[in-house]
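Undergrad: Protein sequence lines correspond, in order, to chains Z and D.
Quick note on numbering: the first sequence equals residues 1 to 322 in this note's numbering.
Quick note on numbering: the second sequence equals residues 1001 to 1118 in this note's numbering.
The set of hints was computed from the structure by calculation and includes no laboratory data.
Positions of the beta carbon are idealized from the N, C-alpha and C atoms, including for glycine.
Please note that a few of the clues may not be correct.
So the derived label-pair ranges between C-beta atoms look like this [stated by the list, open to error]:
(1) D:P1060 with Z:A264: 39 to 45 Å
(2) Z:V148 with D:F1057: 35 to 41 Å
(3) D:K1091 with Z:G242: 35 to 41 Å
So the derived list for chain Z, only partly shown, Cβ under 8 Å to chain D, looks like this [claimed, not checked]:
(4) D101
(5) T124
(6) Y135
(7) N138
(8) A140
(9) T143
(10) T147
(11) L168
In silico lysine-lysine, DSS-like type, Cα no more than 27 Å apart, as pairs [as the list claims (entries may be wrong)]:
(12) Z:K235 with D:K1074
(13) D:K1074 with Z:K144
(14) Z:K107 with Z:K83
(15) D:K1048 with Z:K281
(16) Z:K296 with Z:K281
(17) Z:K261 with Z:K281
(18) Z:K128 with D:K1074
(19) Z:K296 with Z:K40
(20) Z:K261 with Z:K83
(21) Z:K83 with Z:K144
(22) D:K1048 with Z:K128
(23) D:K1048 with D:K1074
(24) Z:K235 with Z:K261
(25) Z:K144 with Z:K128
(26) Z:K128 with Z:K107
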Amino acid sequence: MKHRTVFALLALALCMFGAPAFAQSASPAPTESITVTGIKEVEKAVTDFVGAMTVPTRVAGKMARWRDRICPITAGVRPTAVKFITQHVKDVAAQVGAPVDDREGCKPNIEIVFTTTPQALLDTIFIKYPELLGYHDNSAQATKMATVTWPIQSWYSTATRDLRGNPLVDGVKTGGVTMTMQLPPGGYGGPSGGALPMLEMNLPDARSGSVTGSRLGDGMSSEFNHVVIVVEPAKLLEYELGTISDYIALLALAQLQPPEKCQALPTMLNLLVAGCTAPPKALTSVDQAYLRALYKVTASTSFHGQRGEMIYQMTHSLAPGQ
Amino acid sequence: MMPRKALILAAFMGLPALAAVLPAMAEEPMISERPDGTGDPDATTCRKPQPIPNSRFTGPRVCKLNSQWALLRKNGQDLSPDGREIIPDPKGTNVGAMNCTYAGGGATSGGQMICKPQ
Chain Z
1 MKHRTVFALL ALALCMFGAP AFAQSASPAP TESITVTGIK EVEKAVTDFV
51 GAMTVPTRVA GKMARWRDRI CPITAGVRPT AVKFITQHVK DVAAQVGAPV
101 DDREGCKPNI EIVFTTTPQA LLDTIFIKYP ELLGYHDNSA QATKMATVTW
151 PIQSWYSTAT RDLRGNPLVD GVKTGGVTMT MQLPPGGYGG PSGGALPMLE
201 MNLPDARSGS VTGSRLGDGM SSEFNHVVIV VEPAKLLEYE LGTISDYIAL
251 LALAQLQPPE KCQALPTMLN LLVAGCTAPP KALTSVDQAY LRALYKVTAS
301 TSFHGQRGEM IYQMTHSLAP GQ
Chain D
1001 MMPRKALILA AFMGLPALAA VLPAMAEEPM ISERPDGTGD PDATTCRKPQ
1051 PIPNSRFTGP RVCKLNSQWA LLRKNGQDLS PDGREIIPDP KGTNVGAMNC
1101 TYAGGGATSG GQMICKPQ
């Protein structure tokens, strides 16, 4: 067993370091230089893609993903389509490493609604369940968020989990934090004698949580609390149910919005962007690599670190053997 | 009534008392028979309890942000007396029509929505 491991390591080392040297001496470089340029191009494209697609949550500033097991529910289409779409989202989730709740009657946390009047639905959400729109500071932001602009659009309610594992839904009023501080003694700008006065500060919108204090990661992580996906079928007549289901699955598992311009890498997100040449009509290897990487990244590390991990995972997934 | 009380308090006890009273006033939601969404969109306005049809009871006080009341009026809607359902506005669809505009704001602040009756 030990020998086999050593052999495997040697073989790997030969592949990584020995092979290029051999290639250089045995034949002129074209194959190798193409390979090297290839991985760099892939890495550049992946970096651009991850940079354009990933957004940090407003509270913890991390990438959000499902920590709770997903339980999608679909409404507004015929029963066979309901079953197909719901199961498809679960299947894709299982493939990319997202947790899935397979129990009958599980509590839905992904709501997929097909409607001919999406804006009316969003108006109702704005009035009755504004927390489902996602984190917002004020009504102006909420109004903007509640505006339907795409035929398939998603809204993400996120939560922040602190170092001790306590989750708190982002944007929920907590009653604030009251801090009591002792003023410094004389000589540091404070009073010169007697009992040190106490200063009480009340921060009405503040939240408290346990963090590490490390630059690499503060111990906080972001996760989805609830996702709403609204589909307007009248604007998607040219697409088959499989295509729509794939797109829905992508939005259900990652905090994504259609990009402003066509992405260089082949991704389903180009589907609804005007002017993209032959956009993929199914989840591509890029989309799958993105989702797999998202569910592999260290949840508590910094957003910058998470992006780096995503780029590494995706690059090595899309350019295997490099 | 409250401002007068606050001024009297301030006169007798000095300005700190006024400072103590004013924040409490700011947090108190407005009460209205029929909120129309005017004013600060992030301020809360409560509708007085309304009688529940076919019942001797009245519903609860229903509190929403002015922006939410404004959207209801814009859509010709109201909340049911129990506050749970969105219903067609019994007083007509154009009673509370609003002109809503954004003012100010940047990339992060999102500006301010100001609604006024048309």
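Undergrad: Each hint: holds or not?
TA: These are the hints, each one checked on the structure:
no.: 1; hint: D:P1060 with Z:A264: 39 to 45 Å; verdict: violated, 55 Å
no.: 2; hint: Z:V148 with D:F1057: 35 to 41 Å; verdict: holds, 38 Å
no.: 3; hint: D:K1091 with Z:G242: 35 to 41 Å; verdict: violated, 48 Å
no.: 4; hint: D101; verdict: violated, 28 Å
no.: 5; hint: T124; verdict: holds, 6 Å
no.: 6; hint: Y135; verdict: violated, 12 Å
no.: 7; hint: N138; verdict: holds, 5 Å
no.: 8; hint: A140; verdict: holds, 4 Å
no.: 9; hint: T143; verdict: holds, 6 Å
no.: 10; hint: T147; verdict: violated, 11 Å
no.: 11; hint: L168; verdict: violated, 22 Å
no.: 12; hint: Z:K235 with D:K1074; verdict: holds, 25 Å
no.: 13; hint: D:K1074 with Z:K144; verdict: holds, 16 Å
no.: 14; hint: Z:K107 with Z:K83; verdict: holds, 16 Å
no.: 15; hint: D:K1048 with Z:K281; verdict: violated, 53 Å
no.: 16; hint: Z:K296 with Z:K281; verdict: holds, 25 Å
no.: 17; hint: Z:K261 with Z:K281; verdict: holds, 17 Å
no.: 18; hint: Z:K128 with D:K1074; verdict: holds, 16 Å
no.: 19; hint: Z:K296 with Z:K40; verdict: holds, 22 Å
no.: 20; hint: Z:K261 with Z:K83; verdict: violated, 33 Å
no.: 21; hint: Z:K83 with Z:K144; verdict: violated, 32 Å
no.: 22; hint: D:K1048 with Z:K128; verdict: holds, 18 Å
no.: 23; hint: D:K1048 with D:K1074; verdict: holds, 20 Å
no.: 24; hint: Z:K235 with Z:K261; verdict: holds, 20 Å
no.: 25; hint: Z:K144 with Z:K128; verdict: holds, 16 Å
no.: 26; hint: Z:K128 with Z:K107; verdict: holds, 20 Å
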